[in-house]
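Residue numbers (the working numbering), protein chains in the order written: chain A, 8 to 119; chain B, 7 to 122.
None of these hints come from the bench; they were simulated from the model. Remember, predicted model here, so these are calculated numbers, not experimental data. Do not take every clue at face value.
So the derived label-pair ranges between C-beta atoms look like this [what the hints assert, rightly or not]:
(1) B/Gly59 - A/His16: 38 to 44 Å
(2) B/Pro46 - A/Lys65: 29 to 35 Å
(3) A/His16 - B/Gly106: 33 to 39 Å
(4) B/Ser60 - A/Gln89: 43 to 49 Å
Backbone N, C-alpha and C define an ideal beta-carbon position, used for all residues, glycine too.
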Amino acid sequence: AQSVSQHNHHVILSEAASLELGCNYSYGGTVNLFWYVQYPGQHLQLLLKYFSGDPLVKGIKGFEAEFIKSKFSFNLRKPSVQWSDTAEYFCAVKSGNNRLAFGKGNQVVVIP
Amino acid sequence: GAVVSQHPSWVICKSGTSVKIECRSLDFQATTMFWYRQFPKQSLMLMATSNEGSKATYEQGVEKDKFLINHASLTLSTLTVTSAHPEDSSFYICSARYSGGGETQYFGPGTRLLVL
Chain A
8 AQSVSQHNHH VILSEAASLE LGCNYSYGGT VNLFWYVQYP GQHLQLLLKY FSGDPLVKGI
68 KGFEAEFIKS KFSFNLRKPS VQWSDTAEYF CAVKSGNNRL AFGKGNQVVV IP
Chain B
7 GAVVSQHPSW VICKSGTSVK IECRSLDFQA TTMFWYRQFP KQSLMLMATS NEGSKATYEQ
67 GVEKDKFLIN HASLTLSTLT VTSAHPEDSS FYICSARYSG GGETQYFGPG TRLLVL
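Use the sequences and the hints to build the structure in full.
Next up, the structure:
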């Protein structure tokens, strides 16, 4: 079965710092990749997605992610975070079995 | 667009009772709806996938008689936790996908269930 790994569950950083969250998956076939964000007290929202084409994907709120097929990775980045980026971030992968598998999430806290 | 709601947002019930959770797509027709369960500090675990008008497909280890799913219309799916026990206490989240929307799922706000 496919699995999705997110490391460093808790990330604490200051405003204006750069953020990178790692996501690795175990499935070897064609995949659709997603990053979702869950702000405190809110529901999951789609941040960005990759289906095909340019492996560098631009999302909302200044986020981007890069699909590196050889590394089975889809890392999320933001050059300069803001306090409002405090949230939980989930990487998700959909493979041929049509199921969306989620990582355990990264709890990101941005200190003003 | 693509808003999904869940009701109730919070429910507390006694052990042995049944609880129904509704998931609605407010501005689109959801051909497929998904039910997830999330434990504290853990990932979302898919419980079942339901297509409108057909029986739900349950993931391995999920009791279909315990977690009844009905997807009677293109905008509503319900999850009923039958004879709830304290170990069923969890955060239940639904998502929906529409035809032509690709593989993107739109998530509801979740329902917190506490069984006493």
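Tested hints:
no.: 1; hint: B/Gly59 - A/His16: 38 to 44 Å; verdict: 40 Å, holds
no.: 2; hint: B/Pro46 - A/Lys65: 29 to 35 Å; verdict: 33 Å, holds
no.: 3; hint: A/His16 - B/Gly106: 33 to 39 Å; verdict: 36 Å, holds
no.: 4; hint: B/Ser60 - A/Gln89: 43 to 49 Å; verdict: 45 Å, holds
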